[in-house]
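Okay, here's what each chain looks like letter by letter:
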Amino acid sequence: MGLYITATYPDSATFLEVLNRTRGIVDFYEIGIPTSNPKYDGPIIRMTHFKSQLKGLEAIKIANYEKSILMGYIDDYVSSLDTVAKTAAEVGASAILFPDLLFDHFNRLNDYVVAMRRHDLRPAFFVSSKTPHRIIEKLASLEPLFIYLGLYASTGTKLPVYIERNVSIVRKLIGDTYLVTGFAVRDSSMVRALIEAGANGVVVGTAFIERMSDLGNAVEFLKELREGL
Amino acid sequence: MITSWYNISADLPRPLPPPMDPYEGDSRIALLTRILPSDLIDQEFTAERYVPIPERVQELYERIGRPTPLRRARGLERAIGTKAKIYYKFEGALPGGSHKLNTAVAQVYYASIDGAKEVVTETGAGQWGLAVAIASALIGINAKVFMTKNSYINKKQRVLFMRVFGADVSPSPSDLTEFGKSTLTKDPNHPGSLGVAISEAIEYAVKGEGRKYIPGSVLEFVLLHQTIIGLEAMQQMPEEPDLVVGCVGGGSNFSGLSFPFIGSKLTGAGFEKTRFLAVESNAAPKLTRGSYMYDYPDTAGTLPMIRMFTLGHDYVPPPIHAAGLRYHGAAPSLSLLVKDGYVETRSYEQEEVMEAARLFAKSEAILPAPESAHAIRAVIDEARRMGSGTILFNLSGHGLLDSDAYEKVLRI
Chain W
1 MGLYITATYP DSATFLEVLN RTRGIVDFYE IGIPTSNPKY DGPIIRMTHF
51 KSQLKGLEAI KIANYEKSIL MGYIDDYVSS LDTVAKTAAE VGASAILFPD
101 LLFDHFNRLN DYVVAMRRHD LRPAFFVSSK TPHRIIEKLA SLEPLFIYLG
151 LYASTGTKLP VYIERNVSIV RKLIGDTYLV TGFAVRDSSM VRALIEAGAN
201 GVVVGTAFIE RMSDLGNAVE FLKELREGL
Chain F
1001 MITSWYNISA DLPRPLPPPM DPYEGDSRIA LLTRILPSDL IDQEFTAERY
1051 VPIPERVQEL YERIGRPTPL RRARGLERAI GTKAKIYYKF EGALPGGSHK
1101 LNTAVAQVYY ASIDGAKEVV TETGAGQWGL AVAIASALIG INAKVFMTKN
1151 SYINKKQRVL FMRVFGADVS PSPSDLTEFG KSTLTKDPNH PGSLGVAISE
1201 AIEYAVKGEG RKYIPGSVLE FVLLHQTIIG LEAMQQMPEE PDLVVGCVGG
1251 GSNFSGLSFP FIGSKLTGAG FEKTRFLAVE SNAAPKLTRG SYMYDYPDTA
1301 GTLPMIRMFT LGHDYVPPPI HAAGLRYHGA APSLSLLVKD GYVETRSYEQ
1351 EEVMEAARLF AKSEAILPAP ESAHAIRAVI DEARRMGSGT ILFNLSGHGL
1401 LDSDAYEKVL RI
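Here the protein sequences line up with chains W and F, keeping their order. Residue 1 is where the first sequence starts when you use the numbering used here, and the numbers rise one by one after that. Residue 1001 is where the second sequence starts when you use the numbering used here, and the numbers rise one by one after that.
Some hints could be false.
[What the hints assert, rightly or not] Distance condition first, Cα-Cα at most 27 Å in a straight line; then the derived BS3-like pairs of lysine-lysine:
hint	chain 1	residue 1	chain 2	residue 2
1	W	K138	W	K86
2	W	K138	F	K1273
3	F	K1339	W	K138
4	F	K1156	F	K1362
5	F	K1265	W	K172
[To be verified] Here are some chain W residues pointing at chain F (derived, C-beta under 7 Å):
hint	residue
6	K39
7	L142
8	A207
If you're looking for bench data, these hints aren't it; they were derived computationally from the structure. Beta carbons: idealized from backbone N, C-alpha and C, even for Gly.
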């Protein structure tokens, strides 16, 4: 199970405290690189980008992230892929996930993969339920660290979508590639259903951030979610 | 009988950008759960390539006369002196006289199993409103239709027939919604537009109990249902077409016919040589002169933004007689295919379109709808240019209720 949190939200000290208090409860972190245009995120995650204490790559440099990944918008780094990859490697991240890569910069797919490998990072790909099947198959052939399936249209906003069916379809397309799922993960039964449908992992973000004003409660919530694994 | 619809997003050349919320105001994506039937939201985001058609909808398809005929337009071929073979799928054979019933029966069915007592929608020329009225009568729930004012005045028969089927019809902009009232305040003579009518229908749906909004075009599940046209045509066509043509308002009739063919081409399953031509009106030329960007599908900005070819959500098209084409945007999947060069585009003035309608009527004995006549205009021009080959187009509706267009444009 992974935890999404935007770097230095709401401030650097709280962000570091979250990492400390959740270590051992979650298996990995997805650390958001604060951006001024988190367009494909829902209202809560957007707010964390706007209210983070530091912005851009400066925000992620305040910690080290073993067995974790960064999440950013490639819009911000189209002309500086090497810079962001180098920084990610320096802070110990395993990959950088760009949710807008395939939607907005599809022709930069190869550049992204090359830049990641140049800095000993593994590529990781964000797909939606509407991503064409043969593109998903192609992404799996690039031996990514994982493929991340966004379950809904944006983070944190649940819709009446038969997500187990969509997970199962993506699973069949990617063979044994590690499949991470996320968006609006709110309870252990949903976690269990996703794993049973073929996901290897889930990421929780919005539901944790909503509880962050009482960090103890938020940590307990993560423990409850974990029971679904 | 076709038992599944075809979802082209599984085979598009690149991923379809997701719907997006603006930074200001409440989440439009979250609003979808309040206004749309659940199964339609699921279909908007399904990963399936083929989506099973519920048995009840299959029964209704049979009752309304599916499969529709595929005919060869030998009379038109002779009239224009071409050796090209011209085929058309006659969706005007359906009750209501247009392709709109294909998705209306599906959407009203899904609304009914979602517990809705009333469906709410917009309509331009009235084909969609009439289809919803018929589907609602068949399935047994109420229908509320906001009809663009210009059409409400000019298409009295469609208004009448919607009411015969039991629908409650209001001209848009109306004083039934806050958005309608504000539009009328700014311009008391506003001719109405699909964008305004959509906004009114959504507001009306949100404000009442047991109401669900159902859209006539643009959204992906609408195109999905309309693929019944192309899936049947693939079985009916005696040969592979060189060219597939349809008119575009929001994109559902063009996409309904062409997507199964385009999907086969994209996956290498056939139709390698086939070209695809989307034809629009000069009154709303989003595909030929619009921008590919995120924009609202409705004028009020109530729905999530979608990436599409658009003239801007506040664009007010001039009051032409092909009212079904007076829309500022085109469906995201169609827009992506146009953007990437898989679909060609063209736009026409209504005078040249209605001349083509007249020629088709005289040579084929069917009065085409003014919207469908845009496709006919392009077919005639292409047949003359090609000289040979095979053309397939969507005669998406008949024009027996469009006397105003024939009278005023052709000055008969």
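Hints broken by the structure, by number, lowest first? 7 and 8
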